[in-house]
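> With the hints as extra help, turn the sequences into a complete structure.
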Amino acid sequence: MRLCLKMIIALLVLIIPSVKSAGQAAQFKAMYLYKFAKGVSWPNSAASNSDFVITIVGDNEMASALKKSVASRKIGSRSIVVLEASTIAQIQKSDVVFLGESKSDQIQKLVESQKGNNVLIVSGKGGFCEHGAGISFVNKNGALAYEVSSKNLQSYGLTCSQELLRSGTNVD
Amino acid sequence: MLMLFVFVGMSAQNKYTREQVLNMTEDQLMDLSMEDFAEAIKAVGVSNPDELFALIMNKNVSSASKEDEDSFTSPLSTTVITRREMRTYGVTTIEEAFRLIPGMIVSEKTNGIYDIHMRGLNNIPDYNTYLYTENANTLLMIDGRPVQNNVMGAINFDMLPIGIEDVERIEVVRGACSALYGANAVNGVINIITERPSVVSSIASGNVQVGNNNTMIGELGLRRAFTDKIALGITANIQKRERNTDKLYLLPNPGQYIPTRSTPELPAPGDKLTDLSVLGTMIDASNGGEFSLEEIQSMKQLYVMADGDYRLFDGTEPETPLTSMFPDPKLSRETMGVNGYLCWTPAEKMNIFLSGGYQKSHVNGSPANEDIVSLNGRKSETAYINLDANIKDLRFVANYMNGIQEYVVGVPGYKMNINNINISAEYDFKMDNGFSVRPGFFFQHSCADDYVPVWDEQDPLNASIADKAMPGNYGLDLSEPGFRYNYKWHYEDPSHGFKPEWNETIKAYSGYNMLTGLFTGEKDINTIAPSVRVNYVHDGLRLIGAYRADKTSNPDKWSHSWQFGASYSINGNNFVRFVYGRANRGANLVNSCADYTWLRSNMFYPSRLHIGGNDDLTLMHIDNFEVGYRWRPIMNILVDAEAFYSISKDYGAMMANYGAMQVSSERFAHILLGIQEGVNSMPDGIQSLMFSNDKFINYMSNYIFLNLAQKVDMGSVFRPYADVKYSMLPYEVHQMGISVNMDYIISSKLIAKLNVNTQKTTIDNYYEYQQINDIKAMLTSSQNNAVSYSKPSFTDEESAMLDMFVTDPMMNYIFKNYEMTGELPNLLNNLLKEWRQNVVENGMSDYEAMQTAAQHTFGPSYNRETGVNEIGQVYGKDIRDEHPQTKRNGYKHKGTPSFYGMIGLIYKPIEKLEVSAYLNMMGKRVYRLAYGSFDMKQRCTLNMKVGYKPTNGFEIFINAHNLFNSKEREAVMNDKIGGLYTVGAAFNF
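Protein chains in written order, with the working numbering: chain A, 77 to 248; chain B, 330 to 1318.
FYI, nobody ran anything at the bench for these hints, they're computed from the structure.
None of these values were measured; they are calculated from a predicted model.
Don't be surprised by glycine CBs; every beta carbon is placed ideally from N, CA and C.
Any given hint could turn out to be false.
Below 20 Å or equal to it, Euclidean Cα-Cα: the simulated EDC-like pairs (lysine to aspartate or glutamate) are [unchecked claim]:
no., chain 1, residue 1, chain 2, residue 2
1, A, K143, B, E355
2, A, K114, B, E364
3, A, K185, B, E497
4, A, K114, B, D365
5, B, K558, B, E524
6, A, K227, A, E206
7, B, K558, A, E188
8, B, K759, B, E851
9, A, K185, B, D757
10, B, K678, A, E188
11, B, K1278, B, E1243
12, A, K216, B, D757
13, B, K1237, B, E1284
14, A, K191, B, E677
15, B, K721, A, E188
16, A, K143, B, D356
17, A, K114, A, E239
18, A, K150, B, D356
19, A, K185, B, E1061
20, A, K114, B, E368
Label pairs and their in silico Cβ distance ranges [claimed, not checked]:
no., chain 1, residue 1, chain 2, residue 2, range
21, B, Y1236, A, G152, 45 to 53 Å
22, B, G1219, A, V157, 54 to 62 Å
23, A, E188, B, V861, 24 to 32 Å
24, A, V157, B, I714, 53 to 61 Å
25, A, G152, B, I720, 36 to 44 Å
26, A, E188, B, Y1236, 37 to 45 Å
27, A, E188, B, M760, 21 to 29 Å
28, B, M679, A, S231, 37 to 45 Å
29, B, S765, A, S231, 27 to 35 Å
30, A, K227, B, F764, 41 to 49 Å
Now the structure itself:
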């Protein structure tokens, strides 16, 4: 058993000098979320004085990264508030809902629960525009990219900029 | 043209280099235009570490508190493992996945068959049956449906219908949680969550592997959503594996000898062994070990009798044919299952989940019967249907399972029809102030009937003992005249047939139920349980309280369990939890209702062994205190640590209950008639003296008895009978321990996983109750009560009278040297007096006179329940009191290792290649069983998988378990597990 313990210690020593933080993708996604919020138009958004609410479902890392990224930023005149939810039921009224990969199986539930709301649903997993998401992140040729469905966005009363459409893959 | 290409090439090039982007500040990046930002991200060439985070760090859990939540903020000690992680580490069975989970003690018994514990508390009490090494302290569920083996009171994964392909994730909650889930959640709950088919499911997924030891594994899952409201899934799994030996582990027992080719012909069972040199020609197998089926079948058991004679008995019962028990001794696992799933969402906040399936299995790895060898086969063929309906805040679950299960293949009495029903309803009242209250009601019906399938009169020969027919013991070998009956006689000659009504005849005659099974009839346990759970959430604070009361029908008692927990999320990266819970084991049919009579023909003591349940038992319960901390020091490290302390009481075991010598009146009558001529030929004077003087009657009995003992096997006159009953023990078991689990995403290419567990188990009020020794002492004492000898004291007058009248030198010697005392001489006195009276005064024939006297003296028949015809009764409790054991406190229980854990790495050098390895460690253990104490060495095995994905969704791999082929036993008296090497392919489209 002593041998085992030695092996564990040796392995720990080996792995402690971490290469780099693996949270980079979350950081990029967080920045993307902000960009999406800028590139999508909400009805009556300009007139609204309320906070711009982004809810992150089931992805702590993403929530932390986003909070950091948008701390001093605004959407129009609206301050950005980042909320976290671990279930669909916990989602409060939001402008953007990001569904983490671990909660992908909840997409239908999310789409149903948000019917009639002006909300941008962003999925952390690819291929989800098919299931009602407005935008979904994909891994394209080894790089982070996104798919967008203007049709889905319209069904939530949203429109998106040409720039946003051009930079991603339009799946309609 | 060249210029044009250069221009196009340049324009296609990214505007940014990777280094440029990495050197940009976050603000600079965010201020880029959308198009530039997309270009910049592309330049970095992000692989997909998020996928890893989803895999490792952000897992769902619903078992912990019955709500879907993030495992990081689960209020209980919870670990989740997903199918993807299982596949990545090359796990080949659901059982094996527990090697990756903290708090789990996993030992492979034979290829693909496992003994799985959560924190231990097994092998208590020690020095008892092997059955108590199984896990009776963990509740096993599939989608919240209990799949416990309620017959034997254990968890048996080989009888589950599902395979890895069905699993979405396995949630393991450690700690006492009966209040949330019900009985058996003593040390925790394993909830296997199956993948519900949905629009995001893969259409087809599967895994095929082949390897050494004729290992073949195949799994397939097909899932499809037909509309956004209805999705269907169907899965199938099959495994076939062989052991790496065809030898069986013979249990240690002094006096076991295995004949060899040079062994001459041996005397008949029970006959005196005159030439002791033959022992030298046999293998002394007293210490047990691995032997072939044939060697074990030929084994003899040597006994040194009270008179100093050596006698050899059969080592194995002729009625327990090892060939029926092991039609294929090499088999380790042959399992298959098919499952269907339907998800229907008819309306908002309403979903119906319906699942059903069928499984068939035959494995060698059951510990249920401890007859001669440690290994036993277990078969199961069952089907189930499960409805799980969520309608707004109401959850209704109902399921039914039915089938045939055989816990010891080939041994009559262990095959039975199983019926399990579970129904539950829970309603969530959610309030605005952070409170939610969830009342619930549960019903469970567990039934086993060992009288099925019924006898096939049309084809009696087809009914081999292993596969067919009533699990009654056909091996009953009644020695009484006219009743020689055993299965060989019956099965070898079809003309004999078998009539179920014969049982009634034999029962009336002998007092024994010929068709004895483990339960000898249909037995059931019904449980109803109201429960309530209160949950309060305020900011990061969460309080949970739960209470549940289980009313079982057998024992007819209430058991109460409760749980209180408080957790606090200090911030997103630190989470602390405290839990106290009381939980109890569930009632199982063996402990409550067993009624099994083992008829041990041609074997030494006891010739009858009855194993009985106790309908007044108290269910073992535990109080568990737990504190845990989850910590995310940096984004890619997750540490989960827990410390626990528990006290458990009300342990029970099959203990020596009472012993007696059973006397056959018919047998006595018959044998006494054999010597009647001798008595009748005595001079009248002697006869008169004998039948008028109590002392002489006693000596007459003495003469008869000793004469009998010389002529016939004592067992045919006296039947030493031992009753073993589930009895409560005063043990108080203390356990404390620490588990630390760490997931570390070192980079997108390298992920590490580690769990270490250390724990200590001690027992207060410990007595070393050795089951077999108790039974032996009980029977010896019983025999002494029934009959014992001393040297008589004669007056001179009596001595002279003896010399004058008793001319037979043998009789004279016996009279002068043996005075028989105990219950039997009294009975014999009465018998002789009455016999004489019937002949002389009532004018009966000798036979009629003896039969009438015998029946009158001993009663019309045996009846073990009323105690008639049992003499010299002794209670196991009295035996234990007579020889008080030293009570010990702080007795160190070594059945659970003090250290165990694993360390694993996943390395993905390129996108298409994935290498995983994990080291499994287990400290030393000491198993104390009825057959002795067994040291299990510490062990450390390395498992490794290399997978290559030529295209997305398809993988080919090689998989090595126990890479260095270290042939060590992982479970006591089971196989030396060697390496298992497989190659295979997996797909996921």
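> Take a quick look at whether A:K143 and B:E355 sit within 20 Å of each other, Cα to Cα.
OK: A:K143 and B:E355 at ~13 Å, within 20 Å.
> 45 to 53 Å was suggested as the range; check whether the CB atoms of B:Y1236 and A:G152 agree with it.
Roughly 47 Å apart at Cβ, these two residues keep to the hinted range, so it holds.
> Hint says 24 to 32 Å; check whether the CB-CB distance for A:E188 and B:V861 agrees.
Cβ of A:E188 to Cβ of B:V861: about 31 Å, so the range 24 to 32 Å holds.
> Hey, B:K1237 versus B:E1284, does the alpha-carbon distance stay inside 20 Å?
holds (14 Å)
> For the range 37 to 45 Å, tell me whether the beta carbons of A:E188 and B:Y1236 fit it or not.
The hint (37 to 45 Å, Cβ to Cβ) holds, given that A:E188 and B:Y1236 are roughly 41 Å apart.
> Taking 20 Å as the top limit, are the C-alpha atoms of A:K143 and B:D356 close enough?
holds (14 Å)
> Is it true that the CA of A:K114 sits at most 20 Å from the CA of B:E364?
holds (13 Å)
> Does the hinted range 27 to 35 Å hold for B:S765 and A:S231 at CB?
holds (33 Å)
> Taking only the CA atoms, is the gap from A:K216 to B:D757 under or equal to 20 Å?
Judged against 20 Å, a Cα distance of about 43 Å means the pair is violated.
> Does the beta carbon distance between B:G1219 and A:V157 stay inside 54 to 62 Å, or does it fall outside?
holds (57 Å)
> Given the hint that B:K558 pairs with B:E524, does the C-alpha gap stay at or below 20 Å?
holds (16 Å)
> Is 37 to 45 Å a correct range for the gap between the Cβ atoms of B:M679 and A:S231?
Given range 37 to 45 Å: violated, Cβ gap about 23 Å.
Consistency note: the structure conflicts with the earlier hints numbered 8, 12, 19, 24 and 28.
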